[in-house]
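Asks: Chain order of the listed sequences is A and B. Residue 87, in the working numbering, is where the first sequence stops; the numbers in between run on with no holes. Residue 87, in the working numbering, is where the second sequence stops; the numbers in between run on with no holes.
Since the hints were made in silico from the structure, they are not lab data. No residue lacks a Cβ here, since even glycine has one placed at the ideal position from N, Cα and C. Watch out, some of these pointers could steer you wrong.
What the hints assert, rightly or not - Once the Cα atoms are required to be at most 25 Å apart in a straight line, the calculated DMTMM-like pairs of lysine to aspartate or glutamate come out as:
#1 Lys55(B) / Glu78(A)
#2 Lys49(A) / Asp9(B)
#3 Lys69(B) / Glu37(A)
#4 Lys49(B) / Asp9(A)
#5 Lys69(B) / Glu52(A)
#6 Lys24(A) / Asp72(B)
#7 Lys69(B) / Glu44(A)
#8 Lys55(A) / Glu78(B)
#9 Lys55(B) / Asp72(A)
#10 Lys24(B) / Asp42(A)
#11 Lys69(B) / Asp42(A)
#12 Lys69(B) / Glu68(A)
#13 Lys55(A) / Asp42(B)
#14 Lys69(A) / Glu68(B)
#15 Lys49(B) / Asp72(A)
#16 Lys49(A) / Glu78(B)
#17 Lys69(A) / Asp72(B)
#18 Lys55(B) / Asp9(A)
#19 Lys69(A) / Glu78(B)
#20 Lys69(A) / Glu37(B)
#21 Lys24(A) / Glu52(A)
What the hints assert, rightly or not - Which chain B residues face chain A? A few, computed with CB under 8 Å, are given here:
#22 Ile61
#23 Met65
#24 Val76
Number of protein chains: 2
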Amino acid sequence: MVYIVVVYDMQADRTRLMLNFLRKYLTHVQNSVFEGEVTEGDLETIQNKTRETLKSDESAIIYRMSSEKYVDRMVVGEDPTDDARFL
Amino acid sequence: MVYIVVVYDMQADRTRLMLNFLRKYLTHVQNSVFEGEVTEGDLETIQNKTRETLKSDESAIIYRMSSEKYVDRMVVGEDPTDDARFL
Chain A
1 MVYIVVVYDM QADRTRLMLN FLRKYLTHVQ NSVFEGEVTE GDLETIQNKT RETLKSDESA
61 IIYRMSSEKY VDRMVVGEDP TDDARFL
Chain B
1 MVYIVVVYDM QADRTRLMLN FLRKYLTHVQ NSVFEGEVTE GDLETIQNKT RETLKSDESA
61 IIYRMSSEKY VDRMVVGEDP TDDARFL
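Extracted from the complex, chain A is given alone in its bound form (with noise of 0.2 Å):
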């Protein structure tokens, strides 16, 4: 397994592609940012559909860590996760 953030750039009335396949995988973090931990054959997936989805003026980050350990997570203002806790 391995931990990925994923943000990208897309026109705001085409964000939905993203949303929808991201969110199979993921958590929804913020606006256009997702994380979670998946498999490498996830991440590889990932990676093809994002490439499929965007257009040629969009554009899309992954980080790796091999390890959510490796990272800390500070938010400022509202946590949107927050809300998940109450579903």
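Given the coordinates of chain A, work out where chain B should sit on it, guided by the hints.
Replies: Quick look at chain B alone, frame taken from chain A:
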């Protein structure tokens, strides 16, 4: 030194406030994403200044790694940092 990635979500007409101060410490890698190596002191300044800058419906996440070596960075689509190489 620590390696950080800052992602923020704020009103489009106010993003300049974050851009202006974050670019003093970090590299601008995507629309609302900065990253780079900073001192613990810089990180504290960045946290405080981010807290002061954001309004209640806005947020930022700061991912902190003890070193850049713990994170791999994969770019899908255009890499905005490519521009920097030619400056």
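Asks: Tell me if the straight-line CA distance from lysine 69(B) to glutamate 52(A) falls inside 25 Å.
Replies: violated (29 Å)
Asks: Regarding the pair lysine 69(B) and glutamate 68(A), is the alpha-carbon distance no greater than 25 Å?
Replies: With a Cα-Cα distance of about 14 Å, the restraint between lysine 69(B) and glutamate 68(A) holds, given a limit of 25 Å.
Asks: Taking only the CA atoms, is the gap from lysine 69(B) to glutamate 44(A) under or equal to 25 Å?
Replies: holds (21 Å)
Asks: For the pair supplied as a hint, lysine 55(B) and aspartate 9(A), confirm whether the alpha-carbon distance does not exceed 25 Å.
Replies: holds (22 Å)
Asks: Quick one, are lysine 24(A) and glutamate 52(A) close enough, alpha carbons at most 25 Å?
Replies: Answer holds: lysine 24(A) to glutamate 52(A) is near 17 Å, not above 25 Å.
Asks: Is the Cα-Cα distance between lysine 49(A) and aspartate 9(B) 25 Å or less?
Replies: Judged against 25 Å, a Cα distance of about 24 Å means the pair holds.
Asks: Keeping to a limit of 25 Å between CA atoms, is the pair of lysine 55(B) and aspartate 72(A) held or broken?
Replies: holds (23 Å)
Asks: Taking 25 Å as the top limit, are the C-alpha atoms of lysine 69(B) and aspartate 42(A) close enough?
Replies: Distance of about 22 Å is within 25 Å: holds.
Asks: Would the pair lysine 55(B) and glutamate 78(A) pass a check requiring their Cα atoms to be no farther apart than 25 Å?
Replies: holds (9 Å)
Asks: Verify the proposed pairing of lysine 69(A) with aspartate 72(B), using a straight-line Cα cut of 25 Å.
Replies: Judged against 25 Å, a Cα distance of about 15 Å means the pair holds.
Asks: Are lysine 69(A) and glutamate 37(B) close enough, with their CA atoms no more than 25 Å apart?
Replies: Distance ~19 Å between lysine 69(A) and glutamate 37(B) Cα, so the pair holds.
Asks: Regarding the pair lysine 69(A) and glutamate 78(B), is the alpha-carbon distance no greater than 25 Å?
Replies: Violated, at about 30 Å.
Of the numbered hints stated above, those contradicted by the structure are hints 5, 10, 13 and 19, listed in ascending order.
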